[in-house]
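A.B. asks: Each chain is listed here by its residues.
4 protein chains.
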Amino acid sequence: MAHQISLKIYYEDTDAAGIVYYGNFLRYLERARTEFLLDRGISIAELHYQGLFFPVIHVDIHYRKAVKLGETIDITTEIAEMKNASVVLKSHVLRHGTVLAEAHVTFACIGRDGKPRRLPEELRKLRQ
Amino acid sequence: MAHQISLKIYYEDTDAAGIVYYGNFLRYLERARTEFLLDRGISIAELHYQGLFFPVIHVDIHYRKAVKLGETIDITTEIAEMKNASVVLKSHVLRHGTVLAEAHVTFACIGRDGKPRRLPEELRKLRQ
Amino acid sequence: MAHQISLKIYYEDTDAAGIVYYGNFLRYLERARTEFLLDRGISIAELHYQGLFFPVIHVDIHYRKAVKLGETIDITTEIAEMKNASVVLKSHVLRHGTVLAEAHVTFACIGRDGKPRRLPEELRKLRQ
Amino acid sequence: MAHQISLKIYYEDTDAAGIVYYGNFLRYLERARTEFLLDRGISIAELHYQGLFFPVIHVDIHYRKAVKLGETIDITTEIAEMKNASVVLKSHVLRHGTVLAEAHVTFACIGRDGKPRRLPEELRKLRQ
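Protein chains in written order, with the numbering used here: chain A, 1 to 128; chain B, 1001 to 1128; chain C, 2001 to 2128; chain D, 3001 to 3128.
Derived from the structure by calculation, the hints contain no laboratory data.
Each residue gets a CB set at the ideal place from its N, CA and C atoms; glycine is no exception.
Some hints could be false.
[To be verified] Computed cross-link-like contacts, PhoX-like style, restricted to lysine-lysine with a CA-CA straight-line distance of at most 20 Å:
#, chain 1, residue 1, chain 2, residue 2
1, B, Lys1115, A, Lys68
2, D, Lys3115, C, Lys2068
3, C, Lys2065, C, Lys2125
4, B, Lys1115, A, Lys65
5, C, Lys2090, C, Lys2065
6, C, Lys2115, D, Lys3068
7, B, Lys1008, D, Lys3008
8, D, Lys3065, C, Lys2065
9, B, Lys1065, A, Lys115
10, A, Lys8, C, Lys2008
11, C, Lys2115, D, Lys3115
12, B, Lys1115, A, Lys115
[What the hints assert, rightly or not] Computed footprint of chain D on chain B; a stretch qualifies when at least three of its residues, placed anywhere within it, have a C-beta under 8 Å from a C-beta of chain D:
#, stretch
13, 1010-1022
14, 1029-1042
[Stated by the list, open to error] Listing some non-contacts, in silico: residues in chain D with all C-beta distances to chain B over 10 Å:
#, residue
15, Thr3034
16, Ile3044
17, Ala3045
18, His3058
19, Leu3069
20, Glu3078
21, Arg3117
22, Leu3126
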């Protein structure tokens, strides 16, 4: 089963159309995958301080239904694809089980010099 | 030729990896398309006050190169596809002509009741 | 004792200086006061849908220490002052009990017409 | 006369109350002071890459009137106070000359080690 976090929508998340601003979903995806990985013993923050970064190289996101102030939503994360130097995570944004959005986010792995690195072993062994 | 705006990168745009946060590109795409439309006599803000909204229903964005503090980037916007109730805009993020990111963003059109509306005539006639 | 929430710092919160962007603390203050009020039976979101809004009219915030990626911080909220048409909330941002920031935020209360309203009774009776 | 920049309000800037989110004014203040300094030959980005940072240590901001989608606002910046290791900038947010907000923002100066530094000479000589 996919990993899941919940979060509540505050004014900071919304825009004048009364709904969550489309760009903010990318923040939620980051929170969800950070916790997904932490749950599996991988700390993005620790790797950051060691000089390993995971830049996003592709996002494909479908917005199905609007999310509003005061609502609580769930974000699932699972691995869709794992290669040596990139990984694709798949997420759903849900409210009481209804899909509000779905996204595929692809990451690369680079060092402090900006050059590509193999994904760390602990990450690659999450391959399902 | 595609419409183009320029913008400068401040601390607000960046993250601890020293580059523009991936979610912030969606802000720039909004600024670029708002100006693209304004240039063609269409004010998203005016339509908003008249009760017409353009929710994003799909984003596909490739990130090619990182953008850093203090850099100035250009965002192009052009129409990729126009249907009766949705439009796809294509944008490039550039620095001195080098492509840093490219995106396709799809919008629907809804009224105050959240129900789909035909795109306004002035928008549909932008079809190229 | 002051109400308290915890939150974790993700890339979205940070900037190129490697610390939380100063403007983002205002987001955390919003989250903290929303939960503070909810805990006392007052839903800002519900009041929003009823047409009652609480615009911030003043912020005074001292930043004492930087906050970094991966850290977990606590935000306290308590009432500093309550008048008929405005309220001042006092918050501390803490990490393991060390004060990282302290803020006073003042709110007014307005209706859909933008005109001042008395604070709702349920809020005024939180006066300590 | 105070230095001035103009900026337009997009959906990204607003919240569900239909106005600019209070935290976003701190972004505008950053844009304004960055341009104010650049105009005087001081590049915050260049100093950043040289290892000199200007963390905000205090913000005092009064919000007088709401700002809405589609509006264009002006932000002025001037030096309110200059000491050896800190500077206070004073800004006004204006719409057609009407004051919407006014802010005092205080900065310190630190090096890569996080320790205080004297403000660079070029900045200190801006003292009016």
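A.B. asks: Against the 20 Å threshold, does the CA-CA distance of Lys3065/D and Lys2065/C hold or violate the hint?
C.D. replies: Answer violated: Lys3065/D to Lys2065/C is near 31 Å, above 20 Å.
A.B. asks: Next pair to validate is Lys2115/C with Lys3115/D; report whether the Cα-Cα distance is within 20 Å.
C.D. replies: Given pair Lys2115/C, Lys3115/D is violated - Cα atoms ~47 Å apart, limit 20 Å.
A.B. asks: CA of Lys1115/B to CA of Lys65/A, is that 20 Å or under?
C.D. replies: This hinted pair holds, its Cα atoms lying about 12 Å apart.
A.B. asks: Run the C-beta distances from His3058/D to all of chain B and say if the shortest one exceeds 10 Å.
C.D. replies: The claim stands: His3058/D keeps its Cβ more than 10 Å from every Cβ of chain B (closest is about 17 Å).
A.B. asks: With 10 Å as the threshold, tell me whether Arg3117/D passes as away from chain B on beta-carbon distances.
C.D. replies: The claim holds: Arg3117/D sits with its nearest Cβ about 18 Å from chain B, beyond 10 Å.
A.B. asks: Sort out whether Lys115/A lies within 20 Å of Lys1065/B, counting only the CA atoms.
C.D. replies: holds, 12 Å
A.B. asks: Are there three or more residues in the stretch 1029-1042 of chain B whose C-beta lies within less than 8 Å of some C-beta in chain D?
C.D. replies: holds (count 3)
A.B. asks: Quick one, are Lys2090/C and Lys2065/C close enough, alpha carbons at most 20 Å?
C.D. replies: Holds. Lys2090/C to Lys2065/C sits at ~18 Å (cutoff 20 Å).
A.B. asks: CA of Lys3115/D to CA of Lys2068/C, is that 20 Å or under?
C.D. replies: holds, 16 Å
A.B. asks: Far enough from chain B: is every CB of that chain over 10 Å from the CB of Ile3044/D?
C.D. replies: Nearest chain B Cβ is 7 Å from Ile3044/D, so the label is violated.
A.B. asks: Are the Cα positions of Lys8/A and Lys2008/C separated by 20 Å at most?
C.D. replies: Judged against 20 Å, a Cα distance of about 14 Å means the pair holds.
A.B. asks: Within 20 Å, alpha carbon to alpha carbon, are Lys2115/C and Lys3068/D?
C.D. replies: holds, 16 Å
Of the numbered hints listed earlier, those contradicted by the structure are 3, 8, 11, 12, 15, 16, 17, 19.
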